[in-house]
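Enquirer: Sequence:
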Amino acid sequence: MSAVTCLPCINIKHATLINNCYPPVKEEKSMPHSSEQSYLLFYASSRPQKLTKVGSFLQKKVARDIRKGRKSHNLVSLHIIKALIQTCHRDLNLFSKYIIAIFSMLLDTRDLDIIDLTCEDFIVFCSYHDGSTLAVDTQFRADYETLLEKFAGFCTYNNNDTLFALKMQYIGHRAIQAAITSSALQSSDFETQLNILFPPLIVTLGSDPKKAMISTSGIDTRISVFDLPTIDNHLIESIAAYTISLLFSKLIASSVRSSLKPLFKYLNETHAWSSPEFAVNMLKLILESLQAQYRYILVSEVMAQIDQMKPDDLTDKHAALVCILDTILNADIPLIGISVLEVQNSIFHLLIRTTPHHPFDPSLAQQDHATTIQHGLVHSMGGLASHTYYDNQLSDMVGYLIPKLKSNTLLEEVEGMPLEAYRVIVLSCLDSVVQGLKKTSASSTWTGSGQVEQEKDTLFLPEGIQAPFDTWTPGLSLLHDKDPKTRIRFSQVLYRFLHAIPVNASAESTHKYPSSSGPLNYLNTANFLTKLAYHLMDWAVLSDFNLSDLKAFYGLLCIANCKFGMDATVLLIPLVFRLQEMIQQETITGKARQEGLLFALIQWLDEIAQFYQIQPMIDYVHPIGSNMYPYRLTELSQSAEDFPDRQPDSFVWIDRTKIVDCMSNHSELRDETDTHGLDLEAKLFAEWDSDAFLQRTQYKRIQITPKPEEHKLKLASPWEDLENKLSFPFNEKSNPSIRVSNLKEALVGQLVADDETDSSQSNSVPSSRSTKATSPPVIKKRTTADLNALLNELSLPHDQSAHSNVSLVNPPYASS
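According to full-length UniProt numbering, the residues represented by the sequence shown are 1 to 816, in order.
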């Protein structure tokens with residue numbers, strides 16, 4: 001009886017403070033009493049050890065109110081919880097498990113007002129929750145993950161009432177975004193939370209696969225669903241895209257790979273590979289969101305997915321993955337840390353792996369999966385070259401492909417396919433690498449003047465990057481390969497490469513020669529030009545030289561002169577007149593072929609006359625070319641074209657003397673030291689492959705690559721300079737080596753020389769200021785006493801010729 005009477009006397013202070021915050025049920029007010037709430041907050045903040053009891057009491061209170069249907073009290077409880085979180089956030093771990101339990105119970109009410117306010121409280125909770133208790137309290141972790149699953153379910157909520165469904169989806173995405181931005185995401189089991197939070201975002205964006213994903217940060221998810229002016233699917237998708245962007249912006253390297261698993265799982269399970277737009281847009285969004293130093297991981301992950309595909313499994317997934325790789329590598333976003341050669345090697349082998357099941361043809365349009373995959377891989381290699389990650393990247397990428405052309409091989413098959421087909425693949429990759437240097441797409445036609453139209457086709461080589469001529473040199477023999485298609489393809493790729501390097505000569509008189517500094521000023525330029533000239537000659541004298549060869553031949557002549565100026569001109573003038581001589585001597589046969597080749601040579605002379613603005617040369621050459629059959633040399637063709645069936649009666653020959661006179665009399669083409677043009681005249685009159693032609697190194701800025709050993713770094717001995725300094729006072733002509741055995745004699749000789757020098761200097765008077773300026777510096781005089789003291793300290797054998805056991809190399813203990 002006494003125990004019963006004592007119960008009402010028990011004063012539970014936290015319960016009283018909490019109960020005082022609630023208005024009467026009949027009033028149906030949703031806000032707590034402000035003054036009573038202030039007392040509660042002061043009590044909780046001043047006595048944090050009571051927060052556990054406060055949380056437990058609120059949990060029981062909310063459960064009782066839900067059971068009795070007191071909606072207003074539940075709303076009041078949510079306002080109290082929000083205030084407690086904000087006031088006692090430093091001690092949030094003391095009552096966080098009760099808060100999570102309350103949120104989970106209130107979400108089950110399916111009341112939009114309560115759910116919206118619960119979501120608002122959850123956003124505040126996530127802003128302070130660090131997740132430190134998730135790793136130690138398994139029950140709390142399970143409750144937290146259950147709550148996340150409930151919010152994730154709201155993201156894909158469906159209902160006949162479209163507006164209600166959109167509001168529920170908005171609430172779900174608000175909560176998911178709060179959980180992703182919380183520190184608790186990375187604190188414990190990251191993959192478990194990721195598998196809960198990421199899939200609903202993917203499903204939301206996957207509802208319209210072909211729609212572009214727009215990540216916008218202009219939406220404040222703290223706004224209540226009832227305060228939104230409008231709500232539609234676009235708003236929900238924008239929030240989902242922005243949440244994904246936030247997710248991947250927070251990831252570190254170890255988390256990037258695991259974060260991609262839910263995406264690939266969704267694509268596999270829903271067969272979404274058939275619409276590659278969705279997968280491409282998702283990976284592009286992720287690429288833009290990742291931190292710069294982790295973006296390269298996407299490339300390795302996508303290539304790992306491709307590598308798992310069977311070579312003959314040319315499916316939607318295979319094609320979509322290649323499209324993703326192509327998009328990533330060709331994006332305007334650099335991939336810092338990427339291994340360029342490793343990726344290039346992987347792409348090339350993936351491309352080769354598809355050819356046994358589907359032959360590669362660069363001219364086919366993308367009609368099936370195989371063609372899409374092959375063309376996508378080739379284009380991906382060009383995207384890899386579009387960003388410069390280190391100085392020698394272009395040289396390495398070109399150097400990787402040129403040996404694969406196997407220009408001097410006798411093999412008929414490579415990698416299980418004919419040599420010609422294999423070269424088509426390599427040349428396509430090489431062309432893609434060259435195309436990667438382009439800033440904008442360029443047409444593949446040559447201009448009438450042989451110059452690059454910089455206004456239309458803006459090409460560039462990154463500043464400070466040298467053009468890798470030395471890597472192209474081994475492949476120049478393909479210009480006269482036995483296969484006509486190989487010759488044409490390689491010449492076109494080489495033309496586009498020369499097109500992409502900086503212009504080193506222009507129509508202005510001050511730019512006729514390569515600059516003394518820049519990408520082209522290094523030794524292998526002259527070596528490349530020399531070998532190019534010889535291979536052009538071998539190409540022109542081929543027995544099956546056709547019209548397509550002639551067009552490509554003419555294009556290389558023009559682009560070489562345009563890019564290298566007089567450095568190329570002095571090499572090509574002897575070549576041109578040697579070919580004319582061979583036509584005259586009938587070494588080159590076939591009337592139509594002779595006419596076409598002669599027309600190309602005359603046209604080239606006309607072009608360089610216009611390029612250098614040599615009017616007398618224009619007046620002489622242009623009328624000759626105008627009266628000949630007009631071959632269209634600027635129109636490219638991929639297949640071999642034969643010369644037209646023509647039989648001209650006679651030809652008009654170019655007078656070399658007039659050409660040389662016109663050029664040598666043009667003062668702007670002469671070197672600074674060549675006042676009268678005699679040196680230039682000698683160079684232009686040099687016969688092809690003669691000694692004068694080979695010894696052209698004295699021409700302005702032309703340098704032949706010296707022997708490699710002349711440029712090797714040599715080791716310098718630190719004793720050489722010291723020996724010179726020590727031996728100088730004794731003998732200027734011959735410096736005998738000084739050893740321990742003859743050190744005493746050397747010092748005695750030095751003393752005598754010093755005495756003689758002092759006596760001669762005392763008796764001589766300088767005659768002029770120039771004598772003072774050129775006289776050696778005065779050496780401080782040594783006294784005889786000082787030198788005698790030094791000599792007395794030396795104990796040397798009397799017989800200087802005797803063998804000494806003292807070694808300057810081996811230590812004393814080594815000889816014993």
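Incorrect hints may have been included.
To be verified - Here are the computed lysine to any residue pairs in the SDA-like style, where the Cα-Cα straight-line distance is at most 20 Å:
#1 82 - 135
#2 404 - 492
#3 53 - 69
#4 97 - 29
#5 404 - 336
#6 310 - 258
#7 53 - 25
#8 250 - 315
#9 284 - 274
#10 82 - 194
#11 284 - 258
#12 265 - 160
#13 265 - 292
Stated by the list, open to error - Pair by pair, the computed Cβ-Cβ distance ranges are:
#14 408 - 671: 48 to 54 Å
#15 271 - 128: 38 to 44 Å
#16 24 - 220: 34 to 40 Å
#17 264 - 630: 55 to 61 Å
#18 339 - 647: 58 to 64 Å
#19 109 - 330: 37 to 43 Å
#20 638 - 665: 15 to 21 Å
Treat the hints as calculated values from the structure; they're not laboratory data.
A quick note: this is a predicted structure, and the numbers were derived from the prediction, not measured.
For each residue, glycine too, the CB sits at the ideal point set by N, CA and C.
Enquirer: Is the hinted range of 55 to 61 Å satisfied by the C-beta distance from residue 264 to residue 630?
Expert: holds, 59 Å
Enquirer: Going straight from one Cα to the other, do residue 284 and residue 258 come out at no more than 20 Å?
Expert: holds, 17 Å
Enquirer: Within 20 Å, alpha carbon to alpha carbon, are residue 250 and residue 315?
Expert: violated, 34 Å
Enquirer: Need the status of pair residue 284, residue 274: alpha-carbon distance at most 20 Å?
Expert: holds, 18 Å
Enquirer: Between the alpha carbons of residue 310 and residue 258, is the straight-line distance 20 Å or under?
Expert: violated, 23 Å
Enquirer: So the hint says 38 to 44 Å: do the beta-carbon atoms of residue 271 and residue 128 match that?
Expert: At 42 Å between Cβs, range holds.
Enquirer: Go ahead and decide if the range 34 to 40 Å is satisfied by the Cβ distance of residue 24 to residue 220.
Expert: Check passed, 35 Å falls within 34 to 40 Å.
Enquirer: Hinted pair, alpha-carbon criterion (20 Å max): residue 82, residue 135. Please report holds or violated.
Expert: violated, 24 Å
Enquirer: Given a hint of 37 to 43 Å, does the C-beta separation of residue 109 and residue 330 actually sit inside it?
Expert: violated, 51 Å
Enquirer: Please work out if residue 404 and residue 492 have their alpha carbons no farther apart than 20 Å.
Expert: holds, 18 Å
Enquirer: Between the beta carbons of residue 408 and residue 671, is the distance compatible with 48 to 54 Å?
Expert: The hinted range 48 to 54 Å is violated for residue 408 and residue 671, with Cβ atoms some 38 Å apart.
Enquirer: Tell me if the straight-line CA distance from residue 53 to residue 69 falls inside 20 Å.
Expert: violated, 24 Å
Checked against the numbered hints listed earlier, the structure breaks hints 1, 3, 4, 5, 6, 7, 8, 10, 12, 13, 14, 19, 20; every other hint is satisfied.
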